[in-house]
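Visitor: Protein sequences appear in the order of chains D and V.
Okay, so the first sequence: first residue is 496 according to this note's numbering, each after it adds one.
Okay, so the second sequence: first residue is 98 according to this note's numbering, each after it adds one.
In case anyone wonders, no lab produced these hints; they're calculated from the structure.
All C-beta atoms, glycine included, are put in the ideal place defined by N, C-alpha and C.
Please note that the accuracy of each hint is not assured.
[To be verified] If the Cβ cut is set under 7 Å, some of the chain D residues that face chain V in the computed set are: (1) 557; (2) 559; (3) 634.
[Unchecked claim] If you want the footprint, here are the derived chain D segments under chain V, 3+ residues with CB under 8 Å: (4) 515-526; (5) 534-541.
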Amino acid sequence: MQQAVQPGMQPVATTFFFYLLSGFTLLSGVFVITRKNPVHSALALIFGLLAQAGLYLMLYAPFVAGVQIILYAGGIMVLFLFVIMLVNLERSQREEQFNGQWVVGLLAAIALGGLFVTVYVKGKALFPYRIAQPVENTNTQQIGLMLYGQYMFAFEIASLLLLVAIIGAVVMAKKRI
Amino acid sequence: MGQIIQYIQSYRHSDLTPGAAGNMFWALVYIMLVFVGLSVAVIAMNWLERKILAHMQVRLGPMRVGPHGLLQPIADAIKLLLKEDIMPAEADALIFWVAPFVVVLAAFTVFVVVPFGPTHAITDMNIGILFMLGVSSLSVLGVVMAGWASNSHYPLIGALRSSAQMVSYEVAMGMAVVSAILMTSLHGLGPYGVSAASSGTGTLSMIGIVQAQNEQHVWFLFKFFPLGFIAFGIFAIAMVAETNRAPFDLPEAESELTAGFHTEYSGLRWSLFMLGEYAAMIAVSSIAVTLWLGGWYRPFANSLTGDTWDLVFSLFPGLIFLGLAAIAFVGVRRMPKHPYFRVQTIGLAGFGAVLGLIGLILFVPPVRDRIQDIFWFVAKVAGFMYLYIWYRATFPRYRFDQLMKVGWKVLLPIGIGVLILTAILGVVL
């Protein structure tokens with residue numbers, strides 16, 4: 496597994512950190528939906544996203560981890576907080592938090608749980624057992640070469656879609672430009 | 098025991114950073130050194146800012162505590178530690194308590210990748226610059242948390258201003274940074290020298306960026322003149338806005354918002370905000386130094402070569418300390434002769450003697466060689482810190498709509514233009 500890693504860079508206590516970070520992610524996920532105060536929810540979500548960035552690091556994907564921090568934790572969540580602070584918190588705190596739709600919730604939970612169990616049981620057959628090559632030293636360069644070489648078309652299409660979305664948002668927000 | 102000593106010594110001949118070499122002990126030592134150095138720098142910056150600002154405004158500044166107010170930062174620190182820590186009754190206790198720590202943590206964590214020298218960094222990450230930008234952008238969370246948790250009007254407005262400002266300037270800043278990163282990958286045949294070793298893909302690693310500048314024999318500031326210069330200018334403006342400093346200090350505009358997001362803070366927690374702010378200033382300055390000013394390399398590293406020039410430039414650190422010592426001794430001479438000032442005079446003379454001694458130690462060849470890269474890096478960063486003070490004394494504060502206009506309608510289009518032109522030049526040249 497560690498062929499491409501430099502001699503000094505053996506991972507330490509991998510299992511421990513995996514469970515720690517996953518635990519943080521799950522815990523903050525629970526906090527996101529149970530807190531009554533939306534600001535607390537948003538902060539818990541940020542914490543969860545940071546823990547997720549740690550998980551990406553453990554998968555030898557530092558670039559994805561960095562982008563996760565800079566875009567989600569640093570950029571999008573700040574805008575979330577920005578909006579939340581502008582809405583009326585007093586009223587939203589008095590409103591009922593859960594709408595009591597037990598049947599739908601239960602069905603969704605069973606479906607998701609079933610999916611998880613299936614993956615856990617038949618996972619080895621479904622996904623070929625191959626640990627990703629840890630090209631940590633050149634991870635970013637590899638991503639760059641792939642995005643602008645092999646997947647150039649898909650990448651450009653995606654950026655065009657985003658551009659359309661931005662223009663659409665501007666047009667909808669401002670009738671007269 | 099012998100094993101531990103061997104483990105510690107095994108790093109001595111490594112040409113990697115302790116993080117990259119995987120040596121826990123030296124990584125911890127470096128972390129401690131950086132932490133202590135940073136704290137001392139913040140204390141020194143506190144004194145220098147008040148002193149320089151005062152002299153620019155034809156005042157004396159702090160003069161009472163110690164000779165020329167040298168002990169003022171320490172007195173301030175003691176005052177802040179002993180001050181009562183007040184929390185508003187309606188505040189959100191947990192978030193109010195956590196916010197200053199988020200700011201400090203974000204500001205200090207980025208120093209993990211700052212390269213003070215080819216091996217003098219805690220670690221070298223493949224995503225170095227991305228990590229720095231990402232983690233330093235987390236400090237806005239602390240500001241927003243502080244403003245919201247205070248549950249009062251001025252802090253909330255300050256926090257909203259701050260988040261809007263930081264998010265918008267991050268975009269322009271990103272454009273400038275990307276154009277510099279782009280330059281690391283370009284190995285054109287232009288007038289800037291060729292690097293056959295370069296693979297064609299650039300790098301995000303802080304050390305890699307500095308080494309790319311050395312390979313291409315040019316600081317990115319001067320590459321594709323004036324493109325590098327403009328990108329650097331955009332960054333230099335955006336970084337002032339990012340750190341909420343004058344003239345973009347709207348989140349803490351005294352005349353409108355008393356103290357902005359930290360209005361309700363006092364004592365230790367207020368001082369943590371200040372610590373975070375100054376550490377963030379040093380952090381963004383070191384990004385600028387790494388990306389455009391050749392990092393730890395001395396000026397003219399490729400044109401004034403040879404042993405003689407190496408020797409001349411290696412004498413700078415010692416000479417600077419000797420100069421500081423000389424200034425201190427001039428101060429001793431000019432002290433009032435009244436017996437009331439005797440203790441202060443002796444103290445200043447002692448301070449000068451310590452500075453002179455440090456200067457002499459820096460002349461010793463082994464020390465001289467090892468201190469080189471750290472010295473040049475720190476000297477360049479110090480230049481930026483002086484600029485920060487200079488801006489504060491010079492420019493009046495922007496209005497908020499002007500601030501947004503500068504960010505979105507001036508810096509961002511120029512940044513995109515520079516990015517595109519850099520890419521074109523890189524392909525053409």
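Visitor: Going back to the hint list, which numbers does this structure go against?
Guide: Result: hints 2 and 4 break, sorted rising.
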